[in-house]
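Peer 1: Position 155 of the sequence shown, counted from 1, bears residue number 155 in UniProt numbering, the numbering being contiguous throughout.
Careful: at least some of the hints might be erroneous.
Here are the simulated EDC-like pairs of lysine to aspartate or glutamate, each with C-alpha atoms no more than 20 Å apart in a straight line [as the list claims (entries may be wrong)]:
1) K12 / E158
2) K113 / D42
3) K110 / E41
4) K12 / E115
5) K110 / D54
6) K113 / D129
7) K110 / D24
8) K114 / E45
9) K113 / D24
10) K114 / D74
The calculated label-pair distances, taken between Cβ atoms and stated as ranges, are [as the list claims (entries may be wrong)]:
11) I28 / G134: 50 to 58 Å
12) F147 / D24: 24 to 32 Å
13) L144 / Y36: 19 to 27 Å
14) E27 / E158: 22 to 30 Å
15) T70 / I28: 42 to 50 Å
Honestly, the hints are just simulated from the structure, not real lab data.
Idealized CB from N, CA, C, for every residue including glycine.
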Amino acid sequence: MLDAAARVLSVKGFAGTRLTDVADYAEIQAPAIYYYFPSREDLIEEVMYCGIHDMRTHLRTTLDALPAGTAPLDRIMVAVEAHLRHALELSDYTTASIRNSGQIPTRLSKRQKKEEAAYGRIWQGLFADAVAEGEVNPELDPQLARFLVMGAMNWTAEWWDPRRGSVDAIVANAQLLVRSGLTSATKTSAPATQRSAKRAPTSARPTGARARSSARRRSE
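Given these sequences and hints, build the entire structure.
Peer 2: This is how it looks when you write it as structure tokens:
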């Protein structure tokens, strides 16, 4: 039943999810749902919580399985793949949680928000480790960079379908973008004061008529 609710919620969203749809997908009678959940909202709340909880557990397990000494930036790449695969091909719960995070009433999102915070702390640690190892462009704000990466990955749940590319392609492109974005040093031109200092003042190098006039005075 929860699997059915996760599937319907991931496709139809909070406003469009009806218990009759869930019952049809689960091949049960709609009134049977009330034996397990007192309301539609309670059922949805459980799905939302499970989505982010499962994502956090999946990411933690994946990272813990990496060899000791794996570089921080490589750990971020593994986390990118774990997030995208779990959201796009492994879990309707996670897709439902991501897509509906901003739609459900506050009273239904307390457990979910706690899990989101715990999930975010994993990513915060990953970025902090990469910064400490000097693997991140020092011109970047690590917190803003993390928010941008997470936002971009979460948005794939809204627009992706197999016709736009395989999950493998999404993962590969995301990893390339994140790695290059975090490590590429920004090329900036020298400040104007430095550029000016490299040129001798005009008065020190007379040219044109001034130069010819000076030459005549010296010959006289």
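Peer 1: State for each hint whether it applies.
Peer 2: We went through each hint and held it up to the structure:
no. : hint                   : in the structure
1   : K12 / E158             : 12 Å, holds
2   : K113 / D42             : 16 Å, holds
3   : K110 / E41             : 13 Å, holds
4   : K12 / E115             : 23 Å, violated
5   : K110 / D54             : 16 Å, holds
6   : K113 / D129            : 24 Å, violated
7   : K110 / D24             : 29 Å, violated
8   : K114 / E45             : 13 Å, holds
9   : K113 / D24             : 30 Å, violated
10  : K114 / D74             : 27 Å, violated
11  : I28 / G134: 50 to 58 Å : 56 Å, holds
12  : F147 / D24: 24 to 32 Å : 39 Å, violated
13  : L144 / Y36: 19 to 27 Å : 42 Å, violated
14  : E27 / E158: 22 to 30 Å : 29 Å, holds
15  : T70 / I28: 42 to 50 Å  : 45 Å, holds
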